[in-house]
Amino acid sequence: MSTATAVVHPERQGLSLSKIWGSHPLLRYILKRLLISIFLVFGVTLITFILTNLVPADPVNSILGEQEANDPDAVARARARLGLDKPLLVQYGIYLLRLVHLDFGTSFLTKQPVLDDLKTVFPATLELGGFVFIITIILGVLLGLYAALRHRRFADQLIRVISLGGVSIPTFWLAALCYYTLFYKLGLFPGSGRLDSRMTAPPTVTGLYTIDSLIAGDWSTFANALWHLCLPGFVLATAFLSSLMRFVRSSVLEVMNQDYVTSAKARGLSSRKVVFGYILRGASVPILNRTGLLFASLITGSVMTESIFAWNGLGQYAYKATMALDLQGIMGVGIVIGVVYIGVNFAVDIITGFVDKRVRIK
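Plus 4 on top of the position in the sequence shown (first one is 1) and you've got this note's numbering.
Source of the hints: derived by calculation from the structure; they are not laboratory data. None of the values given here were measured: they were computed from a predicted structure. Built from N, CA and C at the ideal position, the CB exists for glycine as well. None of the hints are false.
Pairwise CB distance ranges (calculated):
#1 207 - 150: 39 to 49 Å
#2 277 - 254: 20 to 30 Å
#3 270 - 187: 53 to 63 Å
Below, a list of computed lysine-lysine pairs in the DSS-like style, where the Cα atoms sit at most 30 Å apart:
#4 115 - 90
#5 189 - 324
#6 324 - 115
#7 123 - 324
#8 90 - 324
Build out the structure end to end from the sequences listed, making use of the hints.
Pasting the structure below:
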């Protein structure tokens with residue numbers, strides 16, 4: 005008697021593919037979001053390429069010396085070497101093919117592959133953004149929730165005034181003020197870089213000095229790296245924390261007026277259960293979406309802060325590439341920023357689908 009098991013098609017078992025597909029709304033939701041994200045990444049490469057090529061200046065002039073820039077033959081050779089003599093559609097096709105192999109081209113400015121440059125600067129921005137993000141989430145949610153629960157009381161008014169001041173202060177002004185007073189005048193915090201000049205960077209594992217120094221068991225380097233995060237972190241956190249506090253407060257206030265919250269209070273449930281089981285849970289989806297956008301903004305919106313505090317991250321790299329008309333570097337930064345936004349939004353959508361059943365069914 006044969007022990008082989010016959011493979012039966014799902015449709016013969018009464019399980020059509022459409023039924024399988026329809027019975028897994030979460031899987032269908034994830035696949036839809038994934039396909040949309042892939043399409044958006046493709047769109048980012050196209051838009052970045054078009055915008056970069058709309059720049060009126062000729063990048064060849066920035067990489068040739070003054071004498072060579074006046075020589076038509078030298079200019080023609082440079083354009084042929086860079087592929088700029090081909091039609092734009094062909095240039096885009098070649099660029100897209102290289103991107104598939106993670107080839108971002110070579111930077112005119114650093115003379116290195118753009119991917120190597122990005123591997124160096126992105127962890128610095130990720131470390132600063134992640135540090136600010138953790139502080140912002142903890143304080144923003146707690147203070148916003150506290151303000152809503154103390155609606156129209158002194159604590160609520162105080163938090164509203166502080167948050168209004170935080171979003172009103174220009175980041176570049178606050179950065180310059182903190183640099184001058186807290187570093188230059190008072191010497192309370194380090195003013196530039198990720199480590200003191202006498203310190204040696206830990207062996208690279210993640211590129212994040214705090215994490216790498218912990219992995220190496222180097223506590224003095226960890227403390228120094230954390231100390232250097234304080235001043236630029238405070239500047240970045242001020243605006244984002246204020247914005248999140250205001251958003252959490254308004255979201256919680258909106259949920260507090262819903263019928264199911266009133267019903268929960270009428271049933272005599274404890275205040276803690278009403279707050280964490282009904283109010284905060286009901287407000288979690290918009291807050292989750294907001295924090296996702298916040299994280300992406302932190303990663304990509306730190307150009308001014310990085311420049312003032314000499315933080316060798318993605319923002320400073322983008323600034324230098326723009327000033328030098330380094331097209332490969334500019335396009336590399338643009339694609340990384342776009343992928344970060346799309347990736348974070350994809351993650352938030354998936355988490356939202358898990359948290360709220362209505363989202364994945366819709």
